[in-house]
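Enquirer: Sequence:
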Amino acid sequence: MTFLYPAILAAFLGASTFIPSAYAADTTDKGYVSSGNVEIIGRFQDAQPSGIAALPDGRLVLGFPRSVKDHAGPRLATYANDHLTPFPDAATQDQFVSPLGMTVDAKGHLWVLDEGMLAGKGTIAGAQKLFEIDPGSNKVLKVLTLSAPTLLPDSHVNDVRIDLTHGKAGTAFITDTSTGVHPALIVVDLASGRQRRILADTKPVMPETGFVAVMDGRAARYDASHAKMPQGGANGIGISPDQQTLYWQPQTSRRLYSAPTSVLSDRTATEKRIEASVHDEGETGMGDGMATGPDGALYITDDERHAILKHAPDGTISVIAHDPRMIEPDGLTYGKDGLYSTIGQWARLPDFHDGKDMQELPYLVVKITLPQ
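The sequence shown maps to residues -24 to -1, 1 to 348 in mature numbering (1 follows the signal peptide of the UniProt record, and there is no 0).
What the hints contain is simulated information worked out from the structure, not anything from laboratory work. Note that beta-carbon positions come from the ideal geometry of N, C-alpha and C, so glycine has one too. Keep in mind that a hint or two might mislead.
[As the list claims (entries may be wrong)] Straight-line C-alpha distance at most 20 angstroms; calculated DMTMM-like pairs for lysine to aspartate or glutamate: (1) K179 <-> E251; (2) K179 <-> E247; (3) K312 <-> D110; (4) K144 <-> D81; (5) K204 <-> E280.
[Said to hold, decoys possible] Here are the simulated distance ranges between beta carbons: (6) T345 <-> A124: 40 to 48 angstroms; (7) H202 <-> T345: 34 to 42 angstroms; (8) T121 <-> G84: 21 to 29 angstroms; (9) A124 <-> Y8: 42 to 50 angstroms; (10) A145 <-> D5: 43 to 51 angstroms; (11) T3 <-> A252: 42 to 50 angstroms.
Construct the entire structure; sequences and hints are all you get.
Expert: Rendered as structure tokens:
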């Protein structure tokens, strides 16, 4: 046999026996490293912050619930320069049992939802309340007590949004996540204090049967009788800038729902009409906290991906921040210079690990600079 191209053959044989001395680094998932726009602004050793709100004057308010672990520090406080200042003042702290959800309304007033639960004691009778606070005067303006039959024995009031365009003094929308299997939305007329339970036990507020989540490297399936992870119904809640649309998401779900506030706030609306007004906005992530930007974009925490998602007004979904230190981002608020979030670590609680506490101190609060 005659080779017509001996030089080419020699080159081929030489190449086939070449052994490189080093390889390029193995590729990795870019979602498992920091996006670079997450900054830790607060570390807490004794009490875990959950609710968070940015006031119009720039102050950042944190709520320190006592439902999982009691603590001696302030229950509601402003935070700046590594220092907590009781809010609205020290004398008011005893009025709060376990402040959880919070929001700032269109007038700039802070509304704080007290879950009324205490570690080792469960729900305290008469302690589930909604507070209106004027940040300008640092005064509590209104306290509304939530009660039966609107609340059920297994109710867990979680978060709140305020609509000032419906009702004489406005309307509050509250998520009842439920410690059992009876979630709902709660509607409160702020002038009269009248309360109504809506969408109870319907798909838009319910945990999804068979739902599986992977958090902190551990998979768990929804089990109504024996929780292996944080679970429940309607949890995260948001409202559009014009206050005409309410958004919410069940905790054990990846679906986002919305409905017009004109229907939800109408005491004459039948359950059939309310259910018909609900719109399925599609899949997002397994979220907890929710915040609305001035352009109507929704920002939603993503517990599984240590991330914050953006749901644009046109329905487009994007990841605007991710960081392995964000172990279950919890409360979320839109501030003048970015987003702020408390970090939950809820899936590490002893309840989900045969009594062993897997949380790692310190508890964190982060600032997220939004992409330009």
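Enquirer: Look at each hint and say if it fits the structure.
Expert: So, going through the hints one by one against the coordinates:
This hinted pair checks out: K179 and E251 have alpha carbons roughly 10 angstroms apart, not beyond 20 angstroms. Pair hint K179 plus E247 holds up; C-alpha atoms about 13 angstroms apart against a cutoff of 20 angstroms. Of the pairs offered as hints, the one joining K312 and D110 holds, with about 19 angstroms between alpha carbons and a cut-off of 20 angstroms not exceeded. Under the criterion of a C-alpha separation no larger than 20 angstroms, the hint pairing K144 with D81 is consistent with the structure, at around 15 angstroms.
Proposed proximity of K204 and E280 is supported: the alpha carbons are some 15 angstroms apart, at most 20 angstroms. Between T345 and A124 the C-beta distance comes to about 45 angstroms, which sits within the given range of 40 to 48 angstroms. In this structure, H202 and T345 meet the distance hint of 34 to 42 angstroms, their C-beta atoms being roughly 41 angstroms apart. With their beta carbons about 24 angstroms apart, T121 and G84 fall inside the hinted range of 21 to 29 angstroms.
In this structure the supplied range 42 to 50 angstroms holds for A124 paired with Y8, their Cβ-Cβ distance being about 46 angstroms. The given range of 43 to 51 angstroms is respected by A145 and D5, whose C-beta atoms sit roughly 49 angstroms from each other. Checking the proposed 42 to 50 angstroms range against T3 and A252 shows it holds: the Cβ atoms sit about 48 angstroms from each other.
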